[in-house]
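Asks: Okay, here's what each chain looks like letter by letter:
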Amino acid sequence: MEITSNHSIDKQASSIGENSFPGQIHDTPGGGVVLSKLDDIINWARSNSLWPLTFATSCCGIEMMSVAAAKYDFSRFGFEVARASPRQADVIIIAGTIVNKMAPVLKRLYDQMADPKYVIAMGACAISGGPFFYNTYSVVKGADHVIPVDVYVAGCPPRPEALLHALISLQDKIKSGQTREQIQVSKPVAGGDILHQL
Amino acid sequence: MVEEIASTADGNIILNLGPQHPATHGVLHLVITINGETIQKVEPHLGYIHRSIEKMCESLTYRQFIYVTSRMDYLSSHINNHACALCVEKGLQIEIPSRSQVIRVLMDELTRIASHELWWGAMAMDLGAFTPFFHAFREREAINDIMEETCGARLTMNYMVPGGVMQDIHPNFQRRVKEFITLFKSKVSEYNELVTGNIIFQNRMKGVGNLSAADAISFGCTGPTARGSGVSCDIRKLYPYEIYEKLDFEEILESDGDSFARYMVRVREMSQSISIIEQLIDNIPEGDFQAKTKAVLKLPKGEFYQRVETARGDFGVYIVSEGGTTPYRIKYRSPGFSNLSALDHMARGSKLGDLVAMMGTLDLVIPDIDR
Numbered sequence: 001m002e003i004t005s006n007h008s009i010d011k012q013a014s015s016i017g018e019n020s021f022p023g024q025i026h027d028t029p030g031g032g033v034v035l036s037k038l039d040d041i042i043n044w045a046r047s048n049s050l051w052p053l054t055f056a057t058s059c060c061g062i063e064m065m066s067v068a069a070a071k072y073d074f075s076r077f078g079f080e081v082a083r084a085s086p087r088q089a090d091v092i093i094i095a096g097t098i099v100n101k102m103a104p105v106l107k108r109l110y111d112q113m114a115d116p117k118y119v120i121a122m123g124a125c126a127i128s129g130g131p132f133f134y135n136t137y138s139v140v141k142g143a144d145h146v147i148p149v150d151v152y153v154a155g156c157p158p159r160p161e162a163l164l165h166a167l168i169s170l171q172d173k174i175k176s177g178q179t180r181e182q183i184q185v186s187k188p189v190a191g192g193d194i195l196h197q198l
Numbered sequence: 001m002v003e004e005i006a007s008t009a010d011g012n013i014i015l016n017l018g019p020q021h022p023a024t025h026g027v028l029h030l031v032i033t034i035n036g037e038t039i040q041k042v043e044p045h046l047g048y049i050h051r052s053i054e055k056m057c058e059s060l061t062y063r064q065f066i067y068v069t070s071r072m073d074y075l076s077s078h079i080n081n082h083a084c085a086l087c088v089e090k091g092l093q094i095e096i097p098s099r100s101q102v103i104r105v106l107m108d109e110l111t112r113i114a115s116h117e118l119w120w121g122a123m124a125m126d127l128g129a130f131t132p133f134f135h136a137f138r139e140r141e142a143i144n145d146i147m148e149e150t151c152g153a154r155l156t157m158n159y160m161v162p163g164g165v166m167q168d169i170h171p172n173f174q175r176r177v178k179e180f181i182t183l184f185k186s187k188v189s190e191y192n193e194l195v196t197g198n199i200i201f202q203n204r205m206k207g208v209g210n211l212s213a214a215d216a217i218s219f220g221c222t223g224p225t226a227r228g229s230g231v232s233c234d235i236r237k238l239y240p241y242e243i244y245e246k247l248d249f250e251e252i253l254e255s256d257g258d259s260f261a262r263y264m265v266r267v268r269e270m271s272q273s274i275s276i277i278e279q280l281i282d283n284i285p286e287g288d289f290q291a292k293t294k295a296v297l298k299l300p301k302g303e304f305y306q307r308v309e310t311a312r313g314d315f316g317v318y319i320v321s322e323g324g325t326t327p328y329r330i331k332y333r334s335p336g337f338s339n340l341s342a343l344d345h346m347a348r349g350s351k352l353g354d355l356v357a358m359m360g361t362l363d364l365v366i367p368d369i370d371r
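Line by line, the protein sequences give chains C and B.
Just so you know, our numbering puts 41 at position 41 of the first sequence, and the rest follows in order with no gaps.
Just so you know, our numbering puts 145 at position 145 of the second sequence, and the rest follows in order with no gaps.
The following block holds chain C by itself, in its conformation from the complex (with noise of 0.2 Å):
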C-alpha cells in the first residue's frame, strides 16, 4: 500500500482554514461590521501561532524534527518558530522518557513558560512511562506527574501524522476555551487575567 498524502489532516486543515475567523460579518452600506466575542478573537489568534520549545530528551525528538522537516512541516499550522528557551515559547512537546533526574528540569521549563502555555505528552514514554513502566527504577511514570498535560498522543514513537493530529488538535482545544488554562480562569480569580475576566 503506497501512504502517498496525509487525507484526513489535509481535511482537517481545510475546514480549519473555512471556519477559520470567529464571528459574523454584516455587510452595511460604505463597508462592514464584525460582530464577535474578544475571547473568540484571542483564542483564535494565539492557535494560529503557537510555538513550540526544542525539548527532546529520546527517540520520539527524532520523530518531531520529521514533524518539522519538508515532508510533514508543522509550519503549516503555525508551528515553524521552535524556541529554544521556554520564555518565548507557548507549547512545551515532551518528547521522550521523564526520568527522575530530568523531572525537576521539566518543572522549571514549565515553570519558566509565559502563560497562556500549553503540554503536549508525545509517545508512550511521556504518557505512562510506556515501555519503561516495568522494571525501572529511574523512570517517571508519565509527565503528568509532574506538570499538567493537555494533549496525549500515543505511540512509541508516534507517527509524523498523530503528532500533527495532536497539535491540531490542540487548536480545536484553544479555540473551543476547552483548555485546562481557560476553564480554570473563567471562574474569577485574584490577580488573574484582565482579559479573562471581560
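Hints are computed from structural coordinates only; laboratory data are not their basis.
This one's a predicted model, so the numbers in the text were calculated from it and none came from an experiment.
Be aware that one or more of the hints could be misleading.
[What the hints assert, rightly or not] Cβ-Cβ distance ranges computed for the label pairs, FRET-style: (1) C/Ser85 - B/Glu43: 50 to 58 Å; (2) C/Lys71 - B/Asp168: 26 to 34 Å; (3) B/Glu37 - C/Pro104: 27 to 35 Å; (4) C/Asn100 - B/His345: 29 to 37 Å.
We put the CB at the ideal spot given by N, CA and C, even for glycine.
Assemble chain B onto chain C, guided by the hints.
Replies: Relative to the frame of chain C, chain B by itself:
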C-alpha cells in the same frame, strides 16, 4: 545542583550548557569552566535520560530484551538489535539462513545512511545553517518509507530477532532501495556543494577540536570519531560478523584528527554504505528468513560478548547467563560514552563558540550514553 553561573577565585567563570539546550542533541549537561572565551575545562553531567535499561533487561526474556535496545541508540536501532540477536545466537550456537544475513546487512547499512543524514543536517544546524536540515530529511524520509514497508516502524524497528529477521522483506523492497540509491547519488554532490565546500563552514571546522591518534585510543574512541584521527577501528573489518568479510568496501580513514576530518569520514561513509547496498540488493539469496528456534530460548551458563559497528562506533553486548530464560546480567558498551569522554581533552584551550562544532562532530545520542 550546580549554580547557573558562578565564578571561581582565579577569575574563571563556570557556565552550564544544558540539559535544555538545542546543541546538546538531547539532555546532556556540560559544566564549562571558561576564562574569558577560552575553555579551561568541560565536565559532562550524565543521567538526565538514564532509564535503567540494563537492569530492566535482566527481567526480560531473550526474545523480549531486544526491543529495549531500539530505544538506546535510536538512530541505529537496527544495528543495536543486530548486536543483541547475534549475541543470543552465539550463546545458542545456531547458524542463521544466508537470506536473513543479507537482509540484516542491508538494513544495517540503510540505517547507517539514515543516521549520518540526520547527523549531517543537525551538524549544519548547530553551526547556524538551517537549510541542510531539510535536504538531509528529504533523503532520510525515503529510507524511513522503505523501513516502514518491511519492518512496520519508522524509527524503533525491532526487526532483528534471534534466528534471523522478524518477517520477510516487502515485495517492493528491492525496487524502492534501488530508487533510493539513484536518488541519493543524485543528491550527494548537493551536500558537498551546500556545506562541505563552504568556506565559512571549513573555517569553523578545520583545526578545531584536535584529537591525536594516541589520544583517540586512550580515551576509547571508536567509530567515525576515531577514524577521523586515523585509527583503524571498523568492527566490520577487524572482527567481521555476518557477511561483511565477503563484501568489498573501504574503511574510511582521515589523518587530520580535527572536526573537519570527522565530518569527512561520515560523509564518505555514506557512499561506502551505498556501495555495500549495491553489491547486495540484486543478490538476496532465496530461502528462509528465519532459522527454526525453540519457542522459549535458554542460553547455556556462561558469558557471551558480541560487538558490531553502529553509526557511532563500537557497540558491544555482554550477556552473563545462569542458564535461565532471562539474562543474569547485561552490559552494553555504547560508543557515545567513550567518545564523549574525549570532549574535555579536545575542547581545552579552544574558544567557547567552537565547542558546539566539536560536539556536533562527535555525533552524540544521549540515551545511548545514559542507557
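Asks: For every hint, state whether the structure bears it out.
Replies: Right, here's what the structure says about each hint:
1. C/Ser85 - B/Glu43: 50 to 58 Å: The hinted range 50 to 58 Å is violated for C/Ser85 and B/Glu43, with Cβ atoms some 23 Å apart.
2. C/Lys71 - B/Asp168: 26 to 34 Å: For B/Asp168 against C/Lys71, whose Cβ atoms are near 27 Å apart, the range 26 to 34 Å holds.
3. B/Glu37 - C/Pro104: 27 to 35 Å: Given a distance of about 30 Å, which is inside 27 to 35 Å, the answer is holds.
4. C/Asn100 - B/His345: 29 to 37 Å: At 31 Å between Cβs, range holds.
Consistency note: the structure conflicts with earlier hint 1 alone.
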